[in-house]
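Using the sequences and the accompanying hints, generate a full structural model.
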Amino acid sequence: MFRAEKSSIFPPETILRPDKQVSFCIFGKIKILRLITYNVNGIRAAFTKDFLGWLKSADPDIICIQESKAGNDQIDIESLEKLGYHSYWHSAVKKGYSGVGIASKIKPVHVEYGCGIESYDNEGRIIRADFDGFSAISVYVPSASNIERLDFKMQFCYDFLEYIKTLKKEIPNLIISGDFNICHEAIDIHNPIGLKNVSGFLPMEREWMTNFINECELIDSFRFFNNEPDHYTWWSYRQNSRERNKGWRLDYNFTSYALKDKLTRAVILKEAVHSDHCPALVEISL
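The sequence shown lines up with residues 20 to 305 when you count with my numbering.
No lab work stands behind these hints: they were computed from the structure.
It is possible that some hints are incorrect.
Claimed, not checked - Listed next, with one range per pair, are the computed distances between beta-carbon atoms:
no., residue 1, residue 2, range
1, Ile212, Asn259, 19 to 27 Å
2, Lys126, Ile166, 40 to 48 Å
3, Glu234, Asp140, 19 to 27 Å
4, Gln93, Lys50, 32 to 40 Å
5, Asn141, Phe244, 33 to 41 Å
6, Asn91, Lys68, 18 to 26 Å
7, Glu189, Glu247, 31 to 39 Å
8, Ile212, Ser98, 42 to 50 Å
9, Asn264, Glu181, 19 to 27 Å
10, Phe244, Lys265, 22 to 30 Å
11, Gly72, Glu189, 33 to 41 Å
12, Lys126, Thr185, 22 to 30 Å
13, Gln93, Ser304, 35 to 43 Å
What the hints assert, rightly or not - The calculated lysine-lysine pairs, modelled on DSSO-like cross-linking and capped at a C-alpha distance of 27 Å, are:
no., residue 1, residue 2
14, Lys281, Lys187
15, Lys265, Lys126
16, Lys101, Lys50
17, Lys50, Lys124
18, Lys124, Lys281
19, Lys75, Lys101
20, Lys124, Lys279
21, Lys289, Lys101
22, Lys289, Lys265
23, Lys50, Lys75
24, Lys279, Lys126
25, Lys281, Lys75
26, Lys101, Lys124
27, Lys68, Lys265
28, Lys68, Lys124
29, Lys215, Lys265
30, Lys101, Lys68
31, Lys68, Lys289
C-beta atoms are modelled at their ideal positions from N, C-alpha and C, and glycine is treated no differently.
Listed below in structure tokens is the structure:
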């Protein structure tokens, strides 16, 4: 099972520190927290496509990144710092593979790299940043190209659910963002009938996501505001899928149910084209 840290990650002296720029407790200068999740499909490649210019314009307070495909020494951390971001990265052992990160204008109280299970941590699947009063998690759920990887994916999912349930007992305000490699409902995929037996839309995967939302008491922030079809976050590079909007909604910003009344907006930023994915934004009133 995943390791969920106890409340010691929030030492008493940090809860109401007045020198913090922003927190759920003291608000500071920011009234609306803007958080983006983005599978960049290679952070170095994204940088060559004006990712930094886009980031400056989008101006999130926190961005959760998946599939960085780079070691810490290969990421232009200095350029992120010039934009005001503290950045933290959990890379895979295998070079050029997987990896997650969090870049934040709010300096975290604590950053947790991985989850304590070697097989997951070796692939750079999870990173968590703890702030005053809430935590943000960037997660990259495995894809499944064969039966062995499907077994691995589902075990990861079951363990992740238990991890979040345990973590919420200590940190009730969670924002869980990332590429889940699962379309939850038929509305989330362009061809639900034709793709019903394809990993990413298998009944067991969809059932897990339903259980994840219900048992962890989470809100799918995008669907909280939008129940219309044809909104996706990933398109194959083949057959002009993006131009034809033949997509999948694989990327989510989940929030604790306790934050429901603080949600102000959630949108998909399909204009960003640094990757085969596009970003998803959630805004939370502080």
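Tested hints:
no.: 1; hint: Ile212 x Asn259: 19 to 27 Å; in the structure: 21 Å, holds
no.: 2; hint: Lys126 x Ile166: 40 to 48 Å; in the structure: 43 Å, holds
no.: 3; hint: Glu234 x Asp140: 19 to 27 Å; in the structure: 24 Å, holds
no.: 4; hint: Gln93 x Lys50: 32 to 40 Å; in the structure: 36 Å, holds
no.: 5; hint: Asn141 x Phe244: 33 to 41 Å; in the structure: 37 Å, holds
no.: 6; hint: Asn91 x Lys68: 18 to 26 Å; in the structure: 21 Å, holds
no.: 7; hint: Glu189 x Glu247: 31 to 39 Å; in the structure: 36 Å, holds
no.: 8; hint: Ile212 x Ser98: 42 to 50 Å; in the structure: 45 Å, holds
no.: 9; hint: Asn264 x Glu181: 19 to 27 Å; in the structure: 36 Å, violated
no.: 10; hint: Phe244 x Lys265: 22 to 30 Å; in the structure: 24 Å, holds
no.: 11; hint: Gly72 x Glu189: 33 to 41 Å; in the structure: 39 Å, holds
no.: 12; hint: Lys126 x Thr185: 22 to 30 Å; in the structure: 26 Å, holds
no.: 13; hint: Gln93 x Ser304: 35 to 43 Å; in the structure: 37 Å, holds
no.: 14; hint: Lys281 x Lys187; in the structure: 18 Å, holds
no.: 15; hint: Lys265 x Lys126; in the structure: 38 Å, violated
no.: 16; hint: Lys101 x Lys50; in the structure: 23 Å, holds
no.: 17; hint: Lys50 x Lys124; in the structure: 14 Å, holds
no.: 18; hint: Lys124 x Lys281; in the structure: 20 Å, holds
no.: 19; hint: Lys75 x Lys101; in the structure: 10 Å, holds
no.: 20; hint: Lys124 x Lys279; in the structure: 23 Å, holds
no.: 21; hint: Lys289 x Lys101; in the structure: 26 Å, holds
no.: 22; hint: Lys289 x Lys265; in the structure: 13 Å, holds
no.: 23; hint: Lys50 x Lys75; in the structure: 19 Å, holds
no.: 24; hint: Lys279 x Lys126; in the structure: 24 Å, holds
no.: 25; hint: Lys281 x Lys75; in the structure: 25 Å, holds
no.: 26; hint: Lys101 x Lys124; in the structure: 11 Å, holds
no.: 27; hint: Lys68 x Lys265; in the structure: 23 Å, holds
no.: 28; hint: Lys68 x Lys124; in the structure: 22 Å, holds
no.: 29; hint: Lys215 x Lys265; in the structure: 15 Å, holds
no.: 30; hint: Lys101 x Lys68; in the structure: 18 Å, holds
no.: 31; hint: Lys68 x Lys289; in the structure: 15 Å, holds
Hint compliance for this structure: hints 9 and 15 are not met, and every other hint is.
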